[in-house]
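Line order of the protein sequences matches chains A and B.
Take the first sequence: its letter number 43 is residue 371 in this note's numbering, and every next letter is one higher.
Take the second sequence: its letter number 29 is residue 1411 in this note's numbering, and every next letter is one higher.
No wet-lab data here; the hints were simulated from the structure.
Computed from a predicted model, the values in this text were never measured in an experiment.
Keep in mind that the hints are not guaranteed to be accurate.
[Stated by the list, open to error] Reference excerpt, derived from the structure (chain B facing chain A, CB under 7 Å, subset only):
1. Ala1435
2. Val1438
3. Ser1442
4. Leu1443
5. Glu1458
6. Lys1519
7. Lys1552
8. Met1558
9. Pro1579
10. Leu1581
11. Tyr1584
Note that the Cβ used here is the ideal one computed from N, Cα and C, for glycine as well.
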Amino acid sequence: MTIFHFFALAFSVFAISRVFLRYKSRNETLGEFLFWSLLWIAVIVFSIQPQWTTTVAQFLGIARGADFVFLSGTIVLMYLLFRLYIKVDNIDKDITRLIVKSALQDAQKTKPSPPQDDNKS
Amino acid sequence: MQPIYHDVWILIPAYNEEISLRAVIDDLQQEGWNHILVVCDGSLDATESVARAQGVTVVSLVMNRGQGAALRAGFEYLQSSVHPRIIVTFDADGQHHAEDVANVIRPIGEGRADIVLGSRFLHPDSQVPLARKIILKLGLLYTMLVSDIFLTDTHNGFRAFNEKAYTALKITQRGMEHASEIIDQIKQKRLRFVEVPVLITYNEKTYRRKQGTSNFIHLGVKTLLRKITS
């Protein structure tokens, strides 16, 4: 095991502990806990046995283990980015909804009376 | 004899338009359009004061959220408070002409349309700067491909809606992408629409501030993302 693999292993163990603490304090759903745990377990496994990345890569039809790690990481990042985009978009919509609602409530206090006659004179 | 249109409200979304707003409201009132709602979209200047001084109805957003949000607030306010027969959206920057309002609402009054869309390209006197024309024409092609509707002007804020249209439409996009959203909903909800020529007058300020190439690309990407994620 190289120094890099050791640090990757240590960081992964730390990350899993944080994930577990968040789940325990109900700041994370079971699905999120399982997702992040599996992710960091995969990092731990491949840190201890890096040659397994080559085995998995070749099973999937990818030439090198490093390519497999890079591609997998990219896919995971893109998915997380997409989820983040959705979340930010929903928050943005909520902010707009609140601002519009507040403006309408203020304006309702002085709403105009219905038109009495033709709009054009 | 020209038909008399009852119960028409002019909805003006306004952001930092203290300079032009007074003249816009004056022109509309001189044409006889006295039911005006200005939605101040978190303006940092005296837009709201100008609107209130003109004696029009004002709805004020505490933060700038974009023209889509301002229109949404205006539609919801008018629908719940006044429920007019026709709502006309009109820009606050002086690009639109009050004389065109009657032409814009005529197809609705005659029962030919639920929504009337103003088109600068149908008006012989509109002088659209070349760069802007190219961007808008690309926008037409994009709209045709993405929304499957052919229009001559897809991003013109001069529109009229009858009761069926403004109650059916749900604007969820707060920025300029609301224009594409309206077009999508015209098709989805099978609303009858026509385009009418409207004169657009550009000045240096509006030309600089309005959609440039980067904004056009940004709008296109956001429209695609909206379709993917909806």
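**Q.** Hint check: 7 Å Cβ-Cβ cutoff, proline 1579 (chain B) to chain A
**A.** violated (21 Å)
Q. Is the hint on tyrosine 1584 (chain B) kept, meaning its closest Cβ partner in chain A is under 7 Å away?
A. Not OK, violated: tyrosine 1584 (chain B) not within 7 Å of chain A, min 28 Å.
Q | Minimum beta-carbon distance criterion (7 Å), valine 1438 (chain B) to chain A | A | Because about 9 Å separates valine 1438 (chain B) from the closest Cβ in chain A, which is outside the 7 Å limit, the hint is violated.
Q) Quick one, is the lysine 1552 (chain B) hint okay against chain A at 7 Å, beta carbons? A) violated (12 Å)
**Q.** Interface hint outcome for leucine 1581 (chain B) [beta carbon to chain A under 7 Å]
**A.** violated (20 Å)
Q: Let me know if the C-beta of leucine 1443 (chain B) comes in closer than 7 Å to any C-beta of chain A, holds or violated.
A: Holds: closest Cβ of chain A sits about 5 Å from leucine 1443 (chain B), inside 7 Å.
Q | Supplied contact hint for glutamate 1458 (chain B), tested at 7 Å Cβ to chain A | A | Constraint on glutamate 1458 (chain B) satisfied, holds at 6 Å.
Q) Holds or violated: is the Cβ of serine 1442 (chain B) closer than 7 Å to a Cβ in chain A? A) At 6 Å from the nearest chain A Cβ, serine 1442 (chain B) passes the 7 Å test, so the hint holds.
Q. Hey, does the alanine 1435 (chain B) contact hint survive, CB to chain A under 7 Å?
A. violated (15 Å)
(Q) Using the nearest Cβ pair, does methionine 1558 (chain B) come within less than 7 Å of chain A? (A) violated (14 Å)
Q | Hint validity - lysine 1519 (chain B) Cβ closer than 7 Å to any chain A Cβ | A | violated (29 Å)
Checked against the numbered hints above, the structure violates hints 1, 2, 6, 7, 8, 9, 10 and 11; every other hint is satisfied.
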